[in-house]
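Same order as they appear, the protein sequences are chains A and B.
For the numbering used here, add 21 to where a residue sits in the first sequence, where the first one is 1.
For the numbering used here, add 457 to where a residue sits in the second sequence, where the first one is 1.
Source of the hints: derived by calculation from the structure; they are not laboratory data.
It cannot be assumed that every hint is accurate.
[Stated by the list, open to error] A few chain A residues facing chain B, derived, Cβ under 8 angstroms:
hint	residue
1	TYR161
2	ARG162
3	ASP164
4	TRP165
5	GLY285
[To be verified] No more than 25 angstroms apart at the CA atoms, straight line, and that leaves these computed lysine-lysine pairs for DSS-like:
hint	chain 1	residue 1	chain 2	residue 2
6	A	LYS65	B	LYS535
7	A	LYS65	B	LYS534
8	A	LYS124	B	LYS534
9	A	LYS195	A	LYS265
10	A	LYS267	B	LYS792
11	B	LYS1000	A	LYS226
12	B	LYS609	B	LYS992
13	B	LYS792	A	LYS66
14	A	LYS124	B	LYS535
15	A	LYS66	B	LYS534
16	A	LYS267	A	LYS226
17	B	LYS1000	B	LYS609
18	B	LYS792	A	LYS273
We put the CB at the ideal spot given by N, CA and C, even for glycine.
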Amino acid sequence: MAEIILTPKSQPQVPIEADTITPDAIAGKSIDEIKNIELWFGNKKALLSDFFDVDGESSENASEIKIIFDGDVYNTKRIGQGMTTGEIVVKGNASMYAGAEMKGGKITVEGDAGPWAGRDMEGGELTIMGNAGDYIGSAYRGDWRGMSGGLLTVYGDVGNEIAEFMLGGKMVIKGNVNIMPGVHMNGGTLIIEGNVKARTGGEMKGGTIVVKGVIGEFLPGFEFLGVEKDVDIEGEVIEGNFFKFKGDLATKGAGGIIYAATAGNGHIAP
Amino acid sequence: MEKIIKNGMVYDPLNNIDGDKMDICIRDGQVVDSVSDKAEVIDASGKIVMAGGVDPHTHIAGAKVNVGRMYRPEDSKKDVETNFGGRRAGSGFSVPSTFMTGYRYAQMGYTTAMEAAMPPLLARHTHEEFHDMPIIDHAAFPLFGNNWFVMKYIKEGNLDKCAAYAAWLLRVTKGYAIKIVNPAGTEAWAWGGNVHGINDPVPYFDVTGAEIIKGLAEVNEMLGLPHAIHLHCNDLGHPGNYETTIASFDVPKDITPTPKYGNRDKILYATHVQFHCYGGTNWRDFVSEAPKVADYVNKNDHIVIDVGQVTLDETTTMTADGPMEYDLHSLNGLKWANCDVEMETGSGVVPFIYAARAPVPAAQWGVGMELFLHTKDASKVCLTTDSPNAGPFTRYPRVIAWLMSNQYRMNMIENELHKWAQTKTTVATLDREYSLYEIAQVTRATAAKVLGLSDTKGHLGAGADADIAVYDFNPETQDQSAEYMAIEKAFGNASYVLKDGEIVVVDGAMTNPDIYGRTYWINTHGKPEAEEAVKADVDKWFKQYYSVNLENYPVQDEYIPKSVPLIEE
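In isolation and in its complexed conformation, chain A is listed as follows:
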């Protein structure tokens, strides 16, 4: 792997838009050319070297490039947006839209990520070691077509309306989730290992949601189908006993499935 190390000088108060910093974009570029990559900074254009020291070496082949943000980039948005191959590591926090529209490759955020991480993701792997904000793996505002492929994993807690309009791919949340995960979901798999505050799968039409923790408040539009042990979700067996529901019958032709662990969820059993 050819490593390009970007050391943040300081994060400006106005966010940096870093969608031009991907392995696809820097393949075949010299260090000087990389320093001169343009990026938006508020309503102005700036150079990558205005905000980052650049070190390491590039490669002709994007799939062999690993970009390391060596420090906290809490005010840098769109890290890895639209990338198709290669790898990006953030050794700190990232701002909004990390891995948005990602098609392939791998992104690891070692700290927290802002809202909209993995928005409209189509492929690849996005891993967030800390917490993440609202709308993880969701559709762009107004759209009815959200995340359609890839694997999105968050080790910490996340916010509201994650996996909104999800169509495909897999999302795993190890921590707790606020309200409305999988709202309008139409496909794919959402696995929540922690607790959900309320309204899991509101208006979902397809796809599968597994909640291993406690669902605080459950929606009335779900039909109870029975109890299942060790459920098989697209080849992966998740151990334990689960209440199985179909819904959300508040929408026409709904066929989404929610598995909720029997342990702790006695209050939502029929």
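Given chain A, put chain B in place with the hints provided.
Only chain B this time, still in chain A's reference frame:
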């Protein structure tokens, strides 16, 4: 300030000029016969010269357009314009923001565009959007077809009052033409229903679509308006609707055109006819009846149509045909906005994806092409996409290329479209190719004439506004059938565009974004005694039913910086 466009091949159907190499002289914003040798020279050697494009039917300003912008952020991100070079930033693929609308039209060589549906109550908003729309001259057509006053006066058989009301409404809203959408149907929608032909009566008022069309066509000639009545027929988009369409076309047939302004010789302008040419009883046994509708147009001289060509894009449908939009939303399950505009009209907005591989959109594409190719006389047809309903206006260059190249069409039919384009329509059997002369007719001359603006628009004779487009396609060296991508590129990125004699576009890029167009509107009155009686009705109904005061209703002159009132008495 003088300019001369030298050596271009000029296509000017209103003056019977078909590709002649000639110079176009310009002085003080107008085309003139000659200029001095100090004139600035624009070299158009090997290029096409046409008058600025005239779009007779588009949706670019007003309430439902703005709803489309607001509720489709996912459309905004598909086309983004940044603010360098003095231009305003903007966004939107199918519903661009106001500034971008002006830029995009100008880049294609269009200099006039008509907002074809203005809810009268929201006229101020419409004019505010025009105010922020660079380059293009414009006008708005207030909606009359489901208006309570209109229906009441037609029911009473009092056309003098109907005409006086129409004149008052055009005056106070700064409107231009009589627009009729799904006559009687949109009012029926306020009661939860629709009408299914021109002989169904509307609830309460008990008048039919046919009576509304006939009455308003007579009113149009009583007032001598420059444009024909602008009709969106009943039953849009439904299999079997072609009979209603032809019956509607026939309603005003025997009326004589008497415009007080312009050179219009037609009574009826029927819009987005592609959506009104369907046979069968449902989408399974559906078949195109475009040849029958085109045959009617060929045999009758009182009508001009526009096509509403489907462009096979993801777009936003928006129309004052509220019940149709509800049907569409039920069909595709996508989001739906609905708007009631008090006693005047209603509307709906729904996103739509015309996928080439899906049967119905492929057939609709074929139906539109059939209308173009079966209509023999290009002075009876206008090129539109009913933007953004069947596709955004930015696809006009593509539609032009489809019309000019049978090879392009066959390539689409054989490789990209669902087989319904071949089995449900006759498009694959048609090898007619439009000439550049005919393209100039369907994009400029026909529209200018039927709008009543052909004194100054749609041609390049002396006295015309110096709105001129120069396109980089050379019919002497390039083959229109084979080099269809060159046609599409040329008409999408004009070499030069002049607005009132000022250069605004060079090589497809805006160079002068700070020029603003005229607003055409109708300043006329009905008979004095009828006006008095109408005024009493308007006062009473405003107090009784409207949410605004009458004093808040008229569009003041301040909203119209370049005001061009027509028929001042």
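Enumerated hints in conflict with the structure, sorted upward: As far as the earlier hints go, 5, 11 and 13 are violated by this structure, in ascending order.
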